[in-house]
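Undergrad: In my numbering, the protein residues as written are 125 to 1242.
Hint data in this document are derived by calculation from the structure and do not stem from the laboratory. There's no promise every hint is true.
[Claimed, not checked] Within a straight-line C-alpha distance of at most 30 angstroms, the following computed DSS-like cross-link-like pairs (lysine-lysine) qualify: (1) 210 <-> 979; (2) 963 <-> 879; (3) 993 <-> 879; (4) 1124 <-> 993; (5) 707 <-> 879; (6) 505 <-> 707; (7) 417 <-> 571; (8) 786 <-> 210; (9) 554 <-> 417; (10) 210 <-> 724; (11) 168 <-> 210; (12) 741 <-> 879; (13) 397 <-> 430; (14) 441 <-> 554; (15) 430 <-> 554; (16) 210 <-> 505; (17) 397 <-> 441; (18) 963 <-> 1124; (19) 909 <-> 979; (20) 724 <-> 786; (21) 993 <-> 909; (22) 963 <-> 210; (23) 210 <-> 723; (24) 993 <-> 963; (25) 724 <-> 643; (26) 724 <-> 168; (27) 505 <-> 417; (28) 505 <-> 571.
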Amino acid sequence: MMRKFLPLSGVLGVALMLMFIITGNQSYAQVTTSAINGRVTDTKGENLPGATVIVIHEPSGTRYGTTTNSEGLYNLPTIRVGGPYKVTVSFIGYAEQTATNIFANLGAAATVNIQLSDGGTQLTEVTIQGTRDGFTGQRTGAATSFNARQILTLPTVSRDISDITRLTPQSNGNSFGGRDSRYNNYQIDGANFNNGFGLNGNPLPGGGGVSIDAIDEVQVNIAPYDVRQSGFSGAGINAVTRSGTNTFSGSAYTFWRTQNQVGSKSGNVTIEKPVSSARTIGFRLGGPLVKNKLFFFVNAEHIENKGAASGAVNLWKASENGASNPDQNITRVRRSDLEAVRNHLINQWGYDPGAYENYANDNSEKTTSFLARLDWNISDKHKLAIRYNQVESSTPSLVNGNSGPYPRSTTANRVSQLSMAFANTMYTQKNIVRSLTAELNSSITNKLSNQFLATYSRIQSVRTSPSSEFPMIDIGDGTGYPNNYVNYITAGYELFTYGNDVLNDNINITNNLTYVTGKHNFTGGVSFEYQSFGNQYLRSGTSYYRYASVADFLTTGTANEKAPIQFALTYPYAGQDTYAPAKYGLPSAYIQDKIQVNKKLTLTAGLRAELPMFLNKLTPNTVVDQLELLGTDGQPRTYSTGSWPKARVMLSPRIGFRYDVKEDGGFVVRGGTGIFTGRVPFVWLTNMPSNSGVIQNTIEPGSYAASSGWINNIRFQPDKYYWLNNPPAGGENVFIKNPNAGVPSSLALVDRNFKMPQVWRSSLGADYVIPGTPFVITADLMYTKDLQGVYQFGANRKAATQKMAYSGDTRDFYPNAASYTYNNRLGGNAGSVLTNTTKGHSFNATIGVTLRQTKGFYGSLFYSHTSAKTISDNPGSNASSAWGSSPNINNPNDLTLYTSSNALPSRIVGNLSYRFEYLKHLATTITLYYNGANRGRYSFQYNGDLNGDGISADLLYVPNSASELNFATFTSNGVTFTAEQQREAFDTYVNNVQVLRDSKGGYVSRNAGLLPWVNNFDFRLLQDIFTNIGKQRHSLQFSLDIMNVGNLLNSNWGIQQELITGSNNVLRRSAVTTAGVPTFQMNTVSVNGQTMLPTTPFRNVTTTATTWSMQFGLRYLF
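From just these sequences and the hints, can you work out the full model?
TA: Take a look at the structure:
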């Protein structure tokens, strides 16, 4: 369903007016070009003012010109990315001098110093090599760049931009420097290309960007002190697309793989390989429309992944006896139970839930992308580039992991060794992304230049389900409720899919003016960004039922029907449009001066002012606005549902330096300090109009106690609105039909004083070229302090008055819901508030060596250490899950600093590539990529809710001895485990894990656990057969990519490990006294089909996700 939220002409008019005033809003990095600068001197080192400098981009004939100033300096700030360039300098009375083979990196400056000889004697032609590597550019902070050769020679099967950026030493997946990946900013040709709404972990809209075949260069900036770059508190990832040249060139290509190109051995375990296939076809073509004047480039690509390659594979099979065996993908869910549930749904309710095995293996994931670009050299002074691209994708997914009303199942996801789901619980994400960019670069005079950039994009994301309208049903295993609910079977319409539709429009207009005089390079700019979101979000829109056991569910529709243990529903009020709007504007103004203090020292100082503002009005819910809740200081207060955060100017001053010790780029010390302002996923903001009870109401109890007054009067009904129209006894004030009828059962609010995330970041680095070699040693230190960190706060939770009383565990204890609920008109866990904190910091140290491109070789090897502390990692795509899913000791409002899940203590990353030509018509390229790191972090928690706060996210207390804990005997799959056996096993488990041994007598911190270190090697082979036809080379290229090639050589190499219990929980609470003394049971594991107690935390992953995979490719190039 297409919705219109953007009055385009009106917004453009406002944007054009605002573009030239300072009061404005936040703008994001708009760096799409490179620069060439330098100094012209005579043989005595004296400056030569007035020398003529002509720079020509040799592939396209694009010409730039200027003259040196009184200091002998010249600067061309907005030239095409790449090269090679030729720089020619002339001056009356001196011989003309030329420098060639110059490459200019994205967002950086290539420095070309020229010395002229007098008397008409020309010096030897200067050849500048190695500038592709970015080290002769004038970066001040931590940054990496990747050119087209590196992009197309790195091993990849996904052809994703993350396969490029993973070479950044400070990266961890899509996270950089220990920061949340949602705080990054991605741009393509200056246009924001983000998953700005933030509903999933993919950083790009629609699950992907343009084809990597269309990308000319990628730059990752973590600490740039250029105030033009903004919009991130993590990293700015900038990419520019290819352009046409004076020579027609192009490529047609295809890549393919099937299940036969996937490994089947994890250690000694043979893995079942489901049917799968992946195919990519595409082409690119560029050339001149008018030589030296007008150029075109186009790229089109289609990717189709089927079966296991689609990412939605489900290998789990039902158990015949209730015992799981992960090595054989057998769950603990009995086939007889699945058949009973399926037959009951069909016979009693007329609903076929679909298959429960192998159903995901026929899915197909499709992505089609197209890009077209025109470059027009209007004159030597004016260059225009226009680019259009679109991406359409369709991605199937398995049912959501464990979300739903609190308390949630914390032991495992709905599809795992402990739980199974029917086919109709799947969903498909369909995305359409369209983007248009226009950029005009003008050299007005020798001192004055201008960049004008305008971008527009539209992103629509819709979820669909294979199911007819029917409630979603979770069924427990019958043993854990109410203390430790563990999901067992799931059926029905996926709870986040019904009516889920997001439409996002983005407009950005930016103008940068650069003025060079003497030693100063002034840049001033204004920018206006407009974003419009329409979000329809009806979680549990077809209704949601949770049952304690299969036996309870099988009574539905009968005379002896048992009530569910939890229920949820979102429904619109009559006459209301369920698309929650948000219109956001960001005007910015900035100025900076880059000062060439002397031949060694360059300083950059600037100030950016941004004014984040919301441009649409909200309809308040007066009932909620009068509701007394608590602030972060524990004092009573109210919140406004009709007000967005206040519009306030946010300043980002920055200063950076670059000191060229030897004046030749061979040893450079650099660094700086400054403030960076970013943004949050907008889903956290649109949660307020969606969940303030104005346009719709969400019944999602925050605990079992919150629904205890009416849940026993609920009976299963396929009609989603049955209980809305026929409220159960006790629920009359819950199933309300208009905003004035009562308080919604779930609220998501935003603090009026909320600010976009802002950090203070400082760095110090050095680059040293080993004399006489192509090797560069690089070291970087970086420290980041949160000025405006982001977290969710539970506003209806009061302080505990009781502590737990066993062993040394003295955490807060809540004997009932009333003990943590502040205002009884709302559930204690049902009111989250988006707000800020100044707590949080990170540190990163990196050292490594780069082999600059020489004689066919290039490569790098880096070590990086990262530590980061946060209040919360905000582990959820909506406000409720971002708040309640953070592991804690006392309660979810715990403001203790913990290690961030994004920070890996150590990472080693490297690559080495070599290309050589032989026999006149053959060329071979070999590339090896290495990554060594822990697979991730995790927290040691209890299964279920230990302290009674209604949230299953309690961190583990480790006693000095298991004898201090009460254990209860239990039987699992016919095996009985006594209390003494559990004590012995728990002691062994603790002693086998260093972080647990070190935590004896205390609590294990959040994210203290580290998954084992993995050494992973990826390999790429390119074999070219070429010949010249006329003056142009034509090549046929065969490619072979092998990911995790070590596992191909030895089935024990490159194997990932996972938590043996299927989760991070080893203990569960079986009971607790009113005095806060719990009784525990250990969670069991299955080893070779045998049920036993865990004594070690890890096991090998036994799916094809950990084995080698191979992809073939064929390409024609000319």
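Undergrad: Of the hints stated earlier, which fail here?
TA: Checked against the structure, the hints that fail are numbers 6, 9, 19 and 22, while the rest are satisfied.
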